[in-house]
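Undergrad: Chain by chain, the residues:
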Amino acid sequence: MARKIRVLVAKPGLDGHDRGARVIARGLRDAGMEVVYTGLHQTPEQVVEAAIQEDVDVVGLSILSGAHMTLFPKICELLRENDSEDIKVIGGGTMPEEDVKELVEKGWAAQIFTPGATLEQIAKWIYDNV
Amino acid sequence: MSSDKLKEIKQGKENWLEKRSQMKDRDFKFETVSGLPVNDIYTPEDIKDLDYMKDLGFPGQYPYTRGVQSNMYRGRLWTMRQFAGFGTARESNERFKFLLNRGQTGLSVAFDMPTIMGYDSDHPRSLGEVGRVGVAIDSLADMETLFDGIPLEQVSTSMTTNAPASILWCMYIATGEKQGVASEKLRGTIQNDILKEYIAQKSWIFPPKPSMRLITDIFKYAKQYVPKWNSVSISGYHIREAGSTAVQELAFTLADGFAYVEAGMEVGLDVDDFAPRLSFFFNSHNDFFEEIAKYRAARRIWARRMKEKYGAKDPKSLLCRFHTQTAGCSLTAQQPENNIVRTAFQALAAVLGGTQSLHTNSMDEVLALPTEKSVQIALRTQQLIAYETGAANVMDPLAGSYYIESLTDKMEAEAEKYFEEIERRGGVLASIDQNYFQQEIADAAYRFQKDVDKKEKIVVGVNEFVDEDEELDIELLKIDPELEQAQVDHLKELRSKRDNNRVNDTLDALKKAASGPDNLIPYILDCVRAYTTQGEIIDTMREVFGEYKEKPTF
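Protein sequence lines correspond, in order, to chains W and X. In terms of our numbering, the first sequence has 80 at position 80, counting the first letter as 1, and numbering is strictly consecutive. In terms of our numbering, the second sequence has 255 at position 255, counting the first letter as 1, and numbering is strictly consecutive.
Derived from the structure by calculation, the hints contain no laboratory data. Fair warning: there could be bad hints in the mix.
[What the hints assert, rightly or not] The calculated EDC-like cross-link candidates involving lysine to aspartate or glutamate, where the alpha carbons are at most 16 angstroms apart (straight line), are:
| # | chain 1 | residue 1 | chain 2 | residue 2 |
| --- | --- | --- | --- | --- |
| 1 | W | K124 | X | D453 |
| 2 | X | K450 | W | D30 |
| 3 | X | K455 | W | D57 |
| 4 | X | K478 | W | D99 |
| 5 | X | K7 | X | D49 |
| 6 | W | K74 | W | E45 |
| 7 | X | K309 | X | E337 |
| 8 | X | K455 | X | E31 |
| 9 | X | K454 | W | E120 |
| 10 | X | K10 | X | D55 |
| 11 | W | K101 | X | D27 |
| 12 | X | K29 | X | E456 |
| 13 | X | K220 | X | E266 |
| 14 | X | K450 | W | D57 |
| 15 | X | K478 | W | E97 |
| 16 | X | K373 | X | E475 |
| 17 | X | K48 | X | E468 |
| 18 | X | K24 | X | E45 |
| 19 | X | K309 | X | E266 |
| 20 | X | K478 | W | E120 |
| 21 | X | K492 | X | D122 |
| 22 | W | K124 | W | E102 |
| 23 | X | K373 | X | D473 |
| 24 | X | K454 | W | D30 |
| 25 | X | K478 | W | E98 |
| 26 | X | K410 | X | D122 |
| 27 | X | K228 | X | D273 |
| 28 | X | K13 | X | E45 |
| 29 | X | K220 | X | E184 |
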C-alpha cells in the first residue's frame, strides 16, 4: 500500500483564528491524508521542527494576522537551512492579491488558496503536486 | 385566542395544505444559515401558548423581550461605533478624529496582535505583527498619544482587549488622570471576556483561574472607582465567527455570562453590585429573522435567569444590553462590493433586534484593514438605517409575527438544552477543559463548509454567480512596514528615559500581590503610571500565574 501523504497544518504567528486551519485539517484527513495540526501561536522554528519531526510532504500555513510577508519567507528559509526544501509550503488566510502573487513568485509558497477555494480543490492540488 | 378560532385556523391550514402540497417546490434546503429547519408558513397556531405580558411585556419592562429601554430609539439612537486601529498610536488617533468628525458617536479601539497577546513591540514573537491588525500599545505613553486631543469625559470608548484587559484599562484610567478627568467620569467598555477566548478566539495568556481572578478584581475596582464602565463585554461575536450556529452563539455566550455572575458572587460581591455593568456583544449574520429572534431570546433568557436563579433585585442587573457587529465571516473576497449589501441587511437585523451599539464591517475587511472610503460607506449604512428607512421609529416592530415569535421561543428552548448539557458537564470551565464548546463549534464550521462546497448553501459570488474574469478594482489600505521599526525605536527610547528604579519597584510590588489575595488593579495602575510596559507587567504575572496551553484538536 502506498504511503499516505502527510500534511502539517500550522498556525504561525499570534492570531487565534483557527476556524480555517481546523476545517482544512479535517477536510484533508477526510480526503485520505495523514494530518497533524500544530495548534496555535507557533513560532516559525516550532513549525519547521514539527514538519521535520513528523516527516511531512506538505506544510499548510494559515495566517490571518497580516504577518504573512514575514512568516512565509522565514519558514521557507528555515526549511532550506534544515535541508528540507522538498517539503511544499502552501497557505491561506486574509491576504491581499498582490501579496499572494509575490509569495508565489518569490518561491515563498508553492500555492496560496484564497477564500472560496473548496476542500476538494485543495486536496486535489496536493495529490497532483506531491 | 379562543379555541374555536384556533380550530378554524387549523381547518383553514389543512385546506390550504391540500392545495399547497400539490405544488412543486424549488430544489433548495429551506433552513436558516445555521441549519435550523423552518416551516413554510407560520400561523397563530405556532404561538398559541404565547402569553403577551409574561413572555413579551413592554420595552424597558420584564422580561425585556421587546427592548431594554422604555423609549428605545425614540430616546437615543444606538451608538454608531466603528472598530478602528492600525499602525502606531499616531495613525490611529488620526483615524479616530476622522470618524468623530463624520458623526460617529463612540470610539472602539482595535489593538494589534502583540498588544492582544501581551508582548511588547520589540519582543521576537512580535516580528511582522506590529500595528498590522490594530494599533500597537506598549505603555501609557502610547495610550496618551492615542487619545491626544480627544477629551475622555466626552467620549465613550470600547477596548477590545481580553487577557491583558486589566493593564490597558489602567492605561486608560491613567490617561484620564493626565487629562484631568476623574475615573468616576470615564465611560466605556473593556471586552475582558476570557471565557470566550478559551472557547473561540484563542487569545489567552494565563490559565482560567488567575484569569477569572483578574476579572473579579476589575468588578470590585470598577464598582468603587469607575462606576460608569462596562467591566465585561460577554461576547458571542467570536464564537459565531469561529463557525458556531446562532443557537450556539446565544447559548454559549449567556452561559459565559452566568459563569461571570457566579464568579462575582463567589468572591463575596452582591449580584447587583456588578451585574448592571455586564454587557454583551453579538454577531449579526446573514439570516435576517434568525438574528432578530436571537437578540429577543437573549434578552428574555438573561432577565429570567438573573431574576429567578441569581436573585438580582436591581432592574439594571436584568438587562441584556448589547453591542453588535455584522458578520466578518460572511464577507467574501470575491466581488467585495457585494459586502456593502450584506452588511446593510445584517445591520438592519441588529437594529430591528434592538441593539445598543453597532459596528458595520467595511467591504474590504476580508482582504485588509479598511480604507477611509470603505469605512465611511459602512458608517453611512448605519446612518441610512437610522434616518431614512423608518426602522428606528417603532420599537421591536417584528413582535407578533408568527414566525419571529415562534423562532424566538425555539431559540430559547434550544439554548436551554445547551445550558443543561453544560451543567451536566460541570459548568463552563469544566466544559472548556473537556473541549466541549470548541468541538461543537468546529463541527458546525465543518458542516457549513461542506454545505458550501456541495452548493447546498449558496454564497453569491463564491459558489454561484461567479465572475470568472473578476479583477479587483478597489483600493486596499497598506500598512507601512517602517511603522514596526518606528514603534520599536520609540519603545527603546521610553525604556532609556523613564525612571527604571520606579518601574522595578512597581513590578516587585505587583509580583508579591499576585501571590496573595489583594486586588491587583491598584498595583497594575502603579506600574502603568511609572511607564512600565504591558509586556513587562504580563511577564511578571506570568511568573506567578503560569500560561494556558490548549490541546490542539480538529
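Undergrad: Among the hints numbered above, which are violated by the structure, and what are their numbers in rising order?
TA: Checked against the structure, the hints that fail are numbers 3, 7, 10, 11, 14, 17, 18, 20, 22, 26, while the rest are satisfied.
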